[in-house]
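Residue numbers (the numbering used here), protein chains in the order written: chain A, 1 to 485; chain B, 1 to 448.
Note that these hints are calculated values from the structure, not bench results. Yeah, the Cβ is synthetic: ideal placement off N, Cα and C, and Gly gets one too. Accuracy of the hints is not assured; some may be wrong.
Claimed, not checked - Under the rule of at most 30 angstroms between Cα atoms (straight-line distance), these lysine-lysine pairs were calculated in the BS3-like manner:
#1 A:K198 to B:K319
#2 A:K418 to A:K2
#3 A:K191 to B:K22
#4 B:K427 to A:K10
#5 A:K450 to A:K418
#6 A:K101 to A:K302
#7 B:K166 to A:K293
Claimed, not checked - Quick list of simulated restraints, FRET-style, between CB atoms:
#8 B:H176 to A:L33: 39 to 47 angstroms
#9 B:Q372 to A:P18: 24 to 32 angstroms
#10 A:D313 to B:D431: 37 to 45 angstroms
#11 B:K61 to A:K365: 47 to 55 angstroms
#12 B:S298 to A:G366: 30 to 38 angstroms
#13 A:G156 to B:E181: 28 to 36 angstroms
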Amino acid sequence: MKLVFEKSVKDRQGFKLPDTDVPSAGALKETYLRKTDAALPEMSELDVVRHFTQLSQRNFSVDANFYPLGSCTMKYNPKFTEKVAAMPGFADLHPLLPQLKGGERYAQGALEVLYESERWLSMITGMKAFTMQPLAGAHGELTGIMLMAAYHKAKGNKKKIVIIPDSAHGTNPASAAVAGYEIVTIPSDKKGGMDIEKLKSVLSDEVAGLMVTSPDTYGVFNPQIDEIARLIHSVDGIMYYDGANLNAILGRARPGDLGFDVVHVNLHKTFATPHGGGGPGSGPVGVGEKLEKFLPVSRVTKDALGVYALNYDGPDSIGYIASFYGAFGVILKAYAYMLLLGGDGLKETSAHAVLNANYLLSRLKGAYYLPFDRVCMHECLFSASRQAERGVHAIDIAKFLIDKKVHPPTVYFPLTVKEAIMIEPTETESKETLDVFVELMLEADELTRKDPGAFKSFPTTMPIFRPDETKAARELKVNYFASNA
Amino acid sequence: MNPFIANTPDDTRAMLDAIGVKSIDELFADIQPRHAPRSFDLPKGLSEFEVTSKLNTLALKNSVGPVPFIGGGYYDHYVPAACGALISRGEFYTAYTPYQPEAAQGTLQSLFEFQSAMCTLTGMDVSNASLYEGGTALYEAMMMAIRITGRTRIVMDGGVSPIYRKLIKSYTHNLHFEFVEAPLLHGQSDRALLKKLVDDKTAAVILQNPNFFGAIDDHTDIVTTAHASGALVIESVYPVSLGMLKTPGEMGVDIATGEGQSLGLPLNFGGPYLGFITTRKKFIRQMPGRIVGETVDSAGNRCFVNTLQAREQHIRREKATSNVCTNVALCAIQAVIFMTLIGKQGLKKLARLNYDKAEFLKAQLVKIPGVQVKTSAPTFNEFTVCLPVNANDVIERMMHLGFAAGFPLGRYYDGLDKYLLVAVTEKRTKDEMLAYAEVLGRVVKELQ
Numbered sequence: 001m002k003l004v005f006e007k008s009v010k011d012r013q014g015f016k017l018p019d020t021d022v023p024s025a026g027a028l029k030e031t032y033l034r035k036t037d038a039a040l041p042e043m044s045e046l047d048v049v050r051h052f053t054q055l056s057q058r059n060f061s062v063d064a065n066f067y068p069l070g071s072c073t074m075k076y077n078p079k080f081t082e083k084v085a086a087m088p089g090f091a092d093l094h095p096l097l098p099q100l101k102g103g104e105r106y107a108q109g110a111l112e113v114l115y116e117s118e119r120w121l122s123m124i125t126g127m128k129a130f131t132m133q134p135l136a137g138a139h140g141e142l143t144g145i146m147l148m149a150a151y152h153k154a155k156g157n158k159k160k161i162v163i164i165p166d167s168a169h170g171t172n173p174a175s176a177a178v179a180g181y182e183i184v185t186i187p188s189d190k191k192g193g194m195d196i197e198k199l200k201s202v203l204s205d206e207v208a209g210l211m212v213t214s215p216d217t218y219g220v221f222n223p224q225i226d227e228i229a230r231l232i233h234s235v236d237g238i239m240y241y242d243g244a245n246l247n248a249i250l251g252r253a254r255p256g257d258l259g260f261d262v263v264h265v266n267l268h269k270t271f272a273t274p275h276g277g278g279g280p281g282s283g284p285v286g287v288g289e290k291l292e293k294f295l296p297v298s299r300v301t302k303d304a305l306g307v308y309a310l311n312y313d314g315p316d317s318i319g320y321i322a323s324f325y326g327a328f329g330v331i332l333k334a335y336a337y338m339l340l341l342g343g344d345g346l347k348e349t350s351a352h353a354v355l356n357a358n359y360l361l362s363r364l365k366g367a368y369y370l371p372f373d374r375v376c377m378h379e380c381l382f383s384a385s386r387q388a389e390r391g392v393h394a395i396d397i398a399k400f401l402i403d404k405k406v407h408p409p410t411v412y413f414p415l416t417v418k419e420a421i422m423i424e425p426t427e428t429e430s431k432e433t434l435d436v437f438v439e440l441m442l443e444a445d446e447l448t449r450k451d452p453g454a455f456k457s458f459p460t461t462m463p464i465f466r467p468d469e470t471k472a473a474r475e476l477k478v479n480y481f482a483s484n485a
Numbered sequence: 001m002n003p004f005i006a007n008t009p010d011d012t013r014a015m016l017d018a019i020g021v022k023s024i025d026e027l028f029a030d031i032q033p034r035h036a037p038r039s040f041d042l043p044k045g046l047s048e049f050e051v052t053s054k055l056n057t058l059a060l061k062n063s064v065g066p067v068p069f070i071g072g073g074y075y076d077h078y079v080p081a082a083c084g085a086l087i088s089r090g091e092f093y094t095a096y097t098p099y100q101p102e103a104a105q106g107t108l109q110s111l112f113e114f115q116s117a118m119c120t121l122t123g124m125d126v127s128n129a130s131l132y133e134g135g136t137a138l139y140e141a142m143m144m145a146i147r148i149t150g151r152t153r154i155v156m157d158g159g160v161s162p163i164y165r166k167l168i169k170s171y172t173h174n175l176h177f178e179f180v181e182a183p184l185l186h187g188q189s190d191r192a193l194l195k196k197l198v199d200d201k202t203a204a205v206i207l208q209n210p211n212f213f214g215a216i217d218d219h220t221d222i223v224t225t226a227h228a229s230g231a232l233v234i235e236s237v238y239p240v241s242l243g244m245l246k247t248p249g250e251m252g253v254d255i256a257t258g259e260g261q262s263l264g265l266p267l268n269f270g271g272p273y274l275g276f277i278t279t280r281k282k283f284i285r286q287m288p289g290r291i292v293g294e295t296v297d298s299a300g301n302r303c304f305v306n307t308l309q310a311r312e313q314h315i316r317r318e319k320a321t322s323n324v325c326t327n328v329a330l331c332a333i334q335a336v337i338f339m340t341l342i343g344k345q346g347l348k349k350l351a352r353l354n355y356d357k358a359e360f361l362k363a364q365l366v367k368i369p370g371v372q373v374k375t376s377a378p379t380f381n382e383f384t385v386c387l388p389v390n391a392n393d394v395i396e397r398m399m400h401l402g403f404a405a406g407f408p409l410g411r412y413y414d415g416l417d418k419y420l421l422v423a424v425t426e427k428r429t430k431d432e433m434l435a436y437a438e439v440l441g442r443v444v445k446e447l448q
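Chain A on its own, in the form it takes in the complex (with noise of 0.2 angstroms):
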């Protein structure tokens, strides 16, 4: 398809903007001014809706598409929450009001919702106090990493280590790193759960935290986990809860009661928010009582008679996170969607998410090796490795399911089992689209067989055949007005 500029047609406009009714300010010295013009398209604004309705059209979705990508939790979003978030009160709100002298009075209804959504989400995860300035997983778990530095800076420990598991998501390492630790790694047992003996060979008083995502990255709940915060602790270290799979486990256990210090909940995956193409997400953290001190500021706090405040005055905290209060239009959307499933449907939520994908894992489990073969939770790890033996891998299966209309499950991830093919279906998925999927599976395995050779040529379906990503990277053309950088 064409881009936007090259559909540019000197002098269209799509957009009306008001006639002046003020006199010209007169020109601006030259030295202050751009010399060319910014080469923005020019476009009807039919043909701009038309472009983008088009391009939408190249996409695959949730609303059109069953999206199992494990550990992304592609789940529906729902409609009424969009709604929510573009009520005008809402939406058409400047951030900086409340900072003005007794300006929380201008916005008690969003200060509300703040409020509420920490809270929620605290009695959720078994928390003592949230913030939600986070703006996205990793940017939780930096904050969450930044509060662990807080508290040991505070008690003048002597810390620079933060142990993570192989099977842990890449933003997990690279977080700490930002924030100045260095990672020890703990492989995996056989089981698939960290390996306990490795963890106390590891041990020392420069551990500061550990991070873990529970259940971990093969879906699997590791019911040592208490044992494990134990050991962390005998070290005066801090566990951390990456939130990605908390869609597991709503109402049947908390991050808080399992002994995680800090934890950080992703309200793009568990709580129904959309992705969006990659992005606005939200990751606000939860803290128990020995981290409350150090969070971000501002706070909202509420008075005896029910007004909502910012309170900016925390002569421990780390600071400011982001320049405001989290994204709001995101917040907004989750707690719209508590509300509306309240403590029994979320917990409805987990076990219909676990229903469904134990049912792709037995019904997927003949045709595809299992690493762990064992109960899962929320998602489920088979590898392709049976398929790589007939020169099929785990991306030619992906190739062969977009083809068909289905985006498929991720994989190569965990990056510690070989042809990973992680499978997350969610709860919003009914048992006639798992069947479909179960189908495509067991067809795409009966090609290995049949036809390996095939698979080389999927997708031919869709608006692109296989991209050249070398070539993007080596020839590397980013902006459509240079040549090649």
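With chain A fixed as given, assemble chain B onto it according to the hints.
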């Protein structure tokens, strides 16, 4: 009844049979009784109607009524209806990060168009596909300069947003960097001081244009000074102003960054917003975040993919250029839709409207006895006035009279209690501005 779960009791039974267990609870056997929640005492769920009306009640408690003259980096621009309509397409907003390019050409091409538009807007060579927001984007730009130069001293111009500076202070608390600040002189960057402060240990000079107080500058000479010491220059810019103002590229800046909210995004009480970063092509490998690149498919047709992923956390883990994973793709798409609608001529006109209107209001305000503009530095659509009384008191009274009068600089600066930062966008009419000036005059007089 849960409208987001399809499994009926019959489905559930059939699935449990296929799995070979008797109940859903059996699937949770790893979570042992000792792991059970100490409490899970959450309210009962509500209907869609009940939730919507509850939240509408809360929305109505917020004051979006008073005519807004507040900016501070976040502006009340008009958002064309087509922006909202297009990003409300489920194909855009319910998609994941475009890791499977065949199934994500819509997102990928839109982001490539966004990158290209940001490059021509800022006059730079390359752009990423967005970062969280303006403040975190400035932090990422600073880290990028530190990686490129291998130096850790940062010279911060006094015109940089105090919000961004507080944010950077939090992020760098444990990282042993040296920060030196160069206070403004007559409202603009202090050349002589900057020249003194930039040395061969300096990684970057961080500037903002227009600066937080509204003043416009041409930083070309500062770039020359910095480059002579091997330091980079980072400039945080306001995209709408680039419809008129000299670009970071024209000034020779190395990394341009900023908040993209003004490009068709609602104010949303602080987010989601749009951080952007553009730079010289030689620095692309040190740029954080996702980057979309052009390539061809196996039939030779042009298409788009995420590229240079070897910089990123999912490949490089602790050695990545940044821990950023999610960006704000949908906000970037909204921004490129906005830029496409407004177009080349429209952006110029929009910038001019903002400038002319702000100048008009400024001229009205300085007629009020005791109200002054203290510097002769030119401004774009926001300017600082010095009042004869405390700015907070003025704001409070004017709020009751139907105006969000501006932002009190005393909130972030000692000794500036009488200073008010006033923003004007294309949405403010002449009548609103005349009424504002009249009411401000009255309130100032009452308070004296």
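Here's how the hints hold up against the structure:
Only pairs whose Cα atoms come within 30 angstroms are accepted, and A:K198 paired with B:K319 is accepted, the gap being roughly 23 angstroms. The suggested pairing of A:K418 with A:K2 is violated, with an alpha-carbon distance near 39 angstroms, which exceeds 30 angstroms. Distance restraint check for A:K191 and B:K22: the Cα-Cα separation of roughly 24 angstroms lies within the 30 angstroms cut-off, and the hinted pair is therefore satisfied. Note on B:K427 and A:K10: the hinted pairing holds, with a Cα-Cα distance of about 26 angstroms set against a maximum of 30 angstroms.
Straight-line distance between C-alpha atoms of A:K450 and A:K418 comes to about 23 angstroms, which keeps the hinted pair within the 30 angstroms bound. Taking the CA atoms of A:K101 and A:K302, the gap is about 17 angstroms. The hint holds against a cut of 30 angstroms. Taken as a hint, the B:K166 and A:K293 pair is honoured in the structure, with Cα atoms around 18 angstroms apart against an allowance of 30 angstroms. Take B:H176 and A:L33: their Cβ atoms lie about 41 angstroms apart, and the range 39 to 47 angstroms holds.
About 30 angstroms separates the C-beta atoms of B:Q372 and A:P18, a value consistent with the hinted range of 24 to 32 angstroms. The hinted range of 37 to 45 angstroms is satisfied by A:D313 and B:D431, whose Cβ atoms lie roughly 41 angstroms apart. Between B:K61 and A:K365 the beta carbons are some 53 angstroms apart, a value that agrees with the proposed interval 47 to 55 angstroms. Taking the beta carbon of each, B:S298 and A:G366 are about 33 angstroms apart, inside 30 to 38 angstroms as hinted.
Checked against the hint of 28 to 36 angstroms, the pair A:G156 and B:E181 passes, with Cβ atoms roughly 30 angstroms apart.
Comparing the model with each numbered hint stated earlier shows that hint 2 is the single one that does not hold.
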